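Student: Spelled out from the first residue to the last, the chains are:
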Amino acid sequence: MTDEPVLEVRELRKEYRVRTSRAEAVPAAGSALLGHAVTRRERAGVLVAVDDVSFSVSPGQSLAVVGESGSGKTTVARMVVGLERPTSGTIMVSGRERSWRHVSSRERRRRAREVQIVFQDPYSSLDPRMSVRASLDESLRLHFDWTRERRDERVAELLDQVGLDRRQANSLPKALSGGQRQRVAIARALASEPRVLICDEAVASLDVSIQAQILNLLSDIRDATGVSYLFISHDLAVVRQVSDAVLVMRRGRVIEAGPTASVLSEPSDAYTKQLLAAIPRPGWKPTLSGS
Amino acid sequence: MNVLEINHLAVELPVEGALRRVLHDVTLSIGPGEAVGLVGESGAGKSMASRAVIRLLPAGAVVHGDIRYSGDSVLAMDRAALRHFRTHDVAMVFQDPRAHINPVRTIGDFLLEALLERGERRDDARAAVIALLAAVGVSEPERRLRQFPHELSGGLLQRVMIAAALAVSPTLLLADEPTTALDVTTQSDVMVILDARRRERGLAMLFVTHDLELAAAVCDRIAVLYAGFLVEDAPAGDLHRNLRHPYTAGLLASRPDPVAPRPRLAAIPGRPLSAFEVGAGCAFAPRCAFAVERCHLERPELRALDAGRVACHRAEELAGQLALSPTPGGGE
Numbered sequence: 001m002t003d004e005p006v007l008e009v010r011e012l013r014k015e016y017r018v019r020t021s022r023a024e025a026v027p028a029a030g031s032a033l034l035g036h037a038v039t040r041r042e043r044a045g046v047l048v049a050v051d052d053v054s055f056s057v058s059p060g061q062s063l064a065v066v067g068e069s070g071s072g073k074t075t076v077a078r079m080v081v082g083l084e085r086p087t088s089g090t091i092m093v094s095g096r097e098r099s100w101r102h103v104s105s106r107e108r109r110r111r112a113r114e115v116q117i118v119f120q121d122p123y124s125s126l127d128p129r130m131s132v133r134a135s136l137d138e139s140l141r142l143h144f145d146w147t148r149e150r151r152d153e154r155v156a157e158l159l160d161q162v163g164l165d166r167r168q169a170n171s172l173p174k175a176l177s178g179g180q181r182q183r184v185a186i187a188r189a190l191a192s193e194p195r196v197l198i199c200d201e202a203v204a205s206l207d208v209s210i211q212a213q214i215l216n217l218l219s220d221i222r223d224a225t226g227v228s229y230l231f232i233s234h235d236l237a238v239v240r241q242v243s244d245a246v247l248v249m250r251r252g253r254v255i256e257a258g259p260t261a262s263v264l265s266e267p268s269d270a271y272t273k274q275l276l277a278a279i280p281r282p283g284w285k286p287t288l289s290g291s
Numbered sequence: 001m002n003v004l005e006i007n008h009l010a011v012e013l014p015v016e017g018a019l020r021r022v023l024h025d026v027t028l029s030i031g032p033g034e035a036v037g038l039v040g041e042s043g044a045g046k047s048m049a050s051r052a053v054i055r056l057l058p059a060g061a062v063v064h065g066d067i068r069y070s071g072d073s074v075l076a077m078d079r080a081a082l083r084h085f086r087t088h089d090v091a092m093v094f095q096d097p098r099a100h101i102n103p104v105r106t107i108g109d110f111l112l113e114a115l116l117e118r119g120e121r122r123d124d125a126r127a128a129v130i131a132l133l134a135a136v137g138v139s140e141p142e143r144r145l146r147q148f149p150h151e152l153s154g155g156l157l158q159r160v161m162i163a164a165a166l167a168v169s170p171t172l173l174l175a176d177e178p179t180t181a182l183d184v185t186t187q188s189d190v191m192v193i194l195d196a197r198r199r200e201r202g203l204a205m206l207f208v209t210h211d212l213e214l215a216a217a218v219c220d221r222i223a224v225l226y227a228g229f230l231v232e233d234a235p236a237g238d239l240h241r242n243l244r245h246p247y248t249a250g251l252l253a254s255r256p257d258p259v260a261p262r263p264r265l266a267a268i269p270g271r272p273l274s275a276f277e278v279g280a281g282c283a284f285a286p287r288c289a290f291a292v293e294r295c296h297l298e299r300p301e302l303r304a305l306d307a308g309r310v311a312c313h314r315a316e317e318l319a320g321q322l323a324l325s326p327t328p329g330g331g332e
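Quick note, the sequences are listed as chains E and X, same order. First residue of the first sequence: 1, per the working numbering; consecutive thereafter. First residue of the second sequence: 1, per the working numbering; consecutive thereafter.
It is worth saying that the hints were derived from the structure and are not from the lab. Every value quoted in this text rests on a predicted model; they were computed, and no experiment measured them. Ideal Cβ positions, reconstructed from N, Cα and C, are used throughout, including at glycine. Please note that a few of the clues may not be correct.
Coverage of chain E stretches by chain X, computed from C-beta distances (three or more under 8 Å per stretch; other residues unrestricted) [said to hold, decoys possible]:
no., segment
1, 199-212
2, 215-221
3, 236-248
4, 264-275
Just chain E, with the same shape it has in the complex:
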């Protein structure tokens, strides 16, 4: 490993064309569904979801992107993994720039070995007809030219890493709980041995007691594999637990960035302070945010 950043994003921008002039009224629920954050109107018909976002992630580092709905955090994640095409700006992975012209399937697979993503909803992100074992094996067949024995070995290793047993390996997703499914999603993402794992609200829909298990698991995996995390979340408490550095986004822009410990103990931006003040904790009382 070198100190060269494994992921470097410069001046990233994403615009969406919109038909109506009432851009601000696009319901948050719909935009969350598409993974788009559309709240900011710049000029008629164009929404700027992500505006001049730059950051870098070193090997083994965990960078959190935090913000509320409409902040553009999910759009950033989708561009890094290649699900959205940036309007402008560059994304470099392992020192190589990602182009959006004529991406062959071979190139897509190569990219998938570098960056993987775990989504929020463990109920919709797995193939309902595939057992856990088949799902992991499929990813291995796609990415590596291995024998069956070698793949079986690796599947066992992955299952072990995420804390799933043999019985669960042969189950279909419907037989698993939300926490178990999220373990499967993590194992599947790790199968291609990516250098960067994007967690897009990966613990947001889990029960508190399960969320704690998954956060501990993510921390163990980072220690064991040296994978880097790009951790997208709305939850500052979760971010504090899993990241070394943090980027606070609002309306497509980065409003504060720095080491997580210092940003969250001494936030300099008024909005970061507001976000922090809004988290229920012992002795907390709700206050008007003034936004």
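Assemble the complex: chain E is given as a structure, and chain X must be docked to it using the hints.
Tutor: Chain X in isolation, oriented as in the chain E frame:
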């Protein structure tokens, strides 16, 4: 007299021809003007319990036990009495306002419906809901009345729902995860408004949530549900000082702290059981670090302890130990 009294409530639902128990044993009372937080993870039965209060359960549900509103049995009410109870005495705020407000009718239609139904004059009703919208922090209330739900953000729409609940001047408010779908800053705003309006009207509230800290901040008492059982009921101010039930302690320790992170979260091993999955003994025993043989064999009764109630065989011996002992982390 208590506004609401729930006695040994149990609910069974028909699943594939057989009855399945979704709520085992809930005993809870709410005094006038009192706010009680009903806290639990998914499958604990918290929504089922709050819906049972207004008999809003799926078809075929079998309810055992007793629910009394101001002394009257809700389960014994005939159609007319139930209708009066639902339209005059109790109001409900749901998690997703978009799913509970008619999308093809205006906000005005939605807010006025209940009042007009009760025979109020249109002008009076209109003036009342405009005042209410202003009171819950909705700007330009007159214009909002002409708008449709899709034109409002989630936070604004939830305030409309709260205004609708307050419009009927109920005595009891049932709030089922009213802020779960909202951003944290919006959640904080909505809670401030809900809390203020509730207090000035002396409204009693059953606040259903998965967020123990949020419930502790806005409620007088906290009732914790696990797998269909009420396992603890304690004054909200006592929650962090005086841990009585290992499950409550585990929930508190599972949540990361934004200011003082722990190197490792004290996760509760295993997953939350659904009510129909529990066997004999304490429902939490399979995940409890303090379980002894008795816990697996004998179901603990909910009994008075200090200022609250707890269902744990070892509550007294564990006093003072819970916060300090990390539960061993583990898989599911």
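Student: State for each hint whether it applies.
Tutor: Hint check:
{"no.": "1", "hint": "199-212", "result": "holds (count 6)"}
{"no.": "2", "hint": "215-221", "result": "holds (count 3)"}
{"no.": "3", "hint": "236-248", "result": "holds (count 6)"}
{"no.": "4", "hint": "264-275", "result": "holds (count 4)"}
Violated hints are absent here; each numbered hint is respected by the structure.
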